[in-house]
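Enquirer: Each chain, written out:
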Amino acid sequence: MFGLKLDWVCDLPPQHFVLEDYEGGTPRWCPGCGDHAVLTAVQKLVRDEQLPPEKITCVSGIGCSSRFPHYMSTYGFHGLHGRALPVACGVRSRRPDLHVFVATGDGDCCAIGTAHWIHAIRYNMKMTVMMFDNNIYGLTKMQTSPTSKVGQTSNTHPGGAPLPPLNPLTVTLGITNASFVAQTVDWNPAHVLATLRKAYHHEGLSFVRILQRCPHYMDHLWDEVQADPNKILLLEHENGVTAEPSLKRLFPNHRVHDPADLESARNIAACDMPIPIGILYQNESAARYDKLCAVGLNQGVEERLAAVQREIDRFMV
Amino acid sequence: MSTLATSIDKSNGSQSETTRPVQVLTVPQHVVEVVCDSGEGAQTAGQLFGTISAKTGNGVWTVEIIPAEIEPPVRSRSGASGNRIRIGSSEVTNMGDAADVVIAFNEQVLYSRIDVGALRPGTLVFLESKWGSDPQAAIREAYSEAKADFIDRGYVVHEVAMEDECLKVVADARRGKNMFALGLMCALYERDKEKVLAEVRAKFKKKGEKLQAANVALVEAGYAWTERHLDVRYRIPAREIQEELVVMNGNQAAALGVLAAGIELCSMYPITPATSVTHYLAAVMEHAGGFIHQAEDEIAAIGFALGASYAGKTAVTVTSGPGMALKTEFIGLAVMAELPLVIINVQRGGPSTGLPTRVEQGDLLSTLFAAPGDAPKIVMAPTSIAECFHFVVMARQLAETFRGPVIILTDANLATGQSPFPRPRVRSEWLAPPIDQSDWDSSVPAYAWDEQTGLSARPIPGQKGGEYVLTGLAHDERSKVAYESAINQRAMIRRSTKLAVLQKALKPPEVHGDPEGDLLVVGWGSTRGAIEEAVDRVRADGGKVSSLMLRFLSPLEPGLKEIFSRFKQVMTVEINYSDDPGAPYITEENRRYAQLAWYLRARTLVDIDCWSKVPGIPLPPGDIERVLRQRLASN
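Protein sequence lines correspond, in order, to chains A and B.
Using the working numbering, you'd call the opening residue of the first sequence number 1 and step up by one each time.
Using the working numbering, you'd call the opening residue of the second sequence number 1001 and step up by one each time.
In case anyone wonders, no lab produced these hints; they're calculated from the structure.
Hints may be right or wrong, so weigh each one.
[Claimed, not checked] For the chain B half of the interface with chain A, some residues (derived, Cβ under 8 angstroms), not all of them:
#1 H1229
#2 L1230
#3 V1232
#4 Q1242
#5 A1308
#6 G1472
#7 A1474
Cβ coordinates follow ideal geometry from the N, Cα and C atoms, glycine included.
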């Protein structure tokens, strides 16, 4: 009646969520830290998607960026250094109804948590993984990270980092069953949001490396790149991040890249300069372990009891 | 008890011409071993004999004899594989002392049993004789020397041409000797042949008709050989069984406990001797609405389980000592953030990689105390295979009620030993999921610690109004990170008090034997059967000794100090290391005690002594008996 379609009525969300519904404690990151921008982007994303806060679980490890869950007013798990991904996989395993976001840093993911990083990529369980990469350990006060550039001075390497940095993009793209790899930069909030939106909608594990500076220890990390926009390579494609005209104006150096093209993605990722931003790779037909984990999820108590009784009977004397 | 012929009767057995008059010796119990090179199937034969014996109404306890390597060299003194089966006319709770009967597929594997004291003068040995005519002179010599040595040692040696007997029936004797041995054992103990053959057919049903028929023929060959060559049979009267029984090993019991406890997720990493729990679960968990995750490492295994637990799912992780060490940080998090989790630690010998397949109770103190800072947690130890089942069910309930990890310590003795026990009656409420998705009253914090008990209910993702961020950092009731002194002190009190609350709900342990006397033996875990048998033997001779088994190790069961005060001496018997007080350099001041003794001394201020060793195998009751007699005599 009144021309209303019944299914529309049923679909009406019980509540309309606004940004404040996702805001947790006041962030205690340093002023100027890129973590603020990512937090805002995630809050906007979940607001735009109208996700009920109680259906979101943010999982993190230890480090500055791993404070992330505390600043969301959703469920959160701020666990152990390096171990965000196994926990996130466990959360997801039997709760396909939950939206899982993971906040991890370059130390958390690429040093102490490396084994889990590799295997979580292979498990490919649906979740959005944000790897905050500022090339340094901040919380423990300036130690070399696996992504620190050669020669980067730190408290552990006063003479400069001795080895070439690990490239998280090429590593991830080299892992069997990787299904989504993207990169963005914290100083362009529009690109961060557009990238995270693609990541959130990805049917599998999305790995997003977010380049950022540490205003306290690595204030000038990206000065050169920020001064010369040609040092960024904006990846665009109808299946990738669709570049707004303003973004294209900002980054004159752009390239059409089909995220389905793994070979090309690996070549782009291997290049130090210019720095690619956008979706490097996406494959939604990769095997998803979370689909296997959910086996028997809807079995009732009586059915399970019968199965247990049958098993015990097999051992009857 | 040593073998006692309590009655002898002569009978003619069957009417067939080929049979000869036999002597039937009725005995209360016997220990039988069957040993071979790895891959010759003695374990299968032993397990089948155990199952058949249980079905005939005997009490049974089996122990696996396992080489440490997958493919040890053949005819090797260290490579013996097989099974020890102790059968009795009443309940059997441990592996017993020296074997009464041993079937050995070569003389070298028999030596490996002699090396661990498994034989005694008088042991009946059935020895494969083919080595005596081996093409290699060295083997022939080794065999004949060994045979002479065995006779010198007082064993009653029967040479059996097993290979030849098997070749009459099958083409490859190496794959069939075990079934011949089964037939020999079953004939020797007067097992009804038709029932045995039915059991064998059932066992090999899935392997195809050809193999099934071959195995049946081999068992029959074993019977026929016995009828032709042996004039003795052993009769072990069956028990009156009133209730339904199941027979399984401790790892299977723990796995069934996981199912019966309604645990939905098992997250594991392979480690001996715990893995067989998960092998079994992998085959069946799906049917019971659960999932088993093989993680990339021990740390990820517990992290995954805790993630699922945080999301409202019941979870278990199964491991052994080295895996426990790796899981330590996550166990601390589970305590700090009050996440329910069941952890099964099937202990092996340590430290480091230690003795992967062997028996030890060396993880008690590390389980109780390993964690950064103070991390109070519940620790339990089943003392029987039945308890391996029931403790998992209890652990899940305790984990949820007391909101934290519950660790179950079993060991390789329980894990691989098989014994019958009353069929568990599973209740549907055990399976009820903890998950609740109704709205949470947002005025109630995530840790609404009861001031008296420290207990609190937890919100689960999906519950509107319950949103909180779990953290391993010090936190207040709302899970907000808090470094304030008073808040930290309060939170520590709340977490610790929960153990005291549980302790108040426990009953004092039962004393086996008189409630007072000259000596009290305290044990925990798998040693119960051997300790109680040793105590019974000494008591039968008038010794004033009793025993007590602890099933809760954290918190400890109440009333211990009072019980201890009724005995002149208190000592623990354990399978872990302690310094010998008489050894060089060892003084009263520097002597390191067995782990339970160490712990009980601290908790009770009673001067508790210990006797412990680390043989890698279960303690025979005879060894404990000797120690008890010495202790009583020295006072």
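Enquirer: Give a verdict on every hint.
Expert: Outcome of the hint check:
1. H1229: Hint violated; H1229 of chain B Cβ to chain A Cβ min 31 angstroms, cut 8 angstroms.
2. L1230: violated (28 angstroms)
3. V1232: This hint is violated: V1232 of chain B lies away from chain A, its Cβ roughly 27 angstroms from the closest one there, beyond 8 angstroms.
4. Q1242: violated (13 angstroms)
5. A1308: holds (4 angstroms)
6. G1472: This hint holds: G1472 of chain B lies near chain A, its Cβ roughly 6 angstroms from the closest one there, short of 8 angstroms.
7. A1474: Violated: closest Cβ of chain A sits about 12 angstroms from A1474 of chain B, beyond 8 angstroms.
Hint check: violations occur at hints 1, 2, 3, 4, 7; the rest are consistent with the structure.
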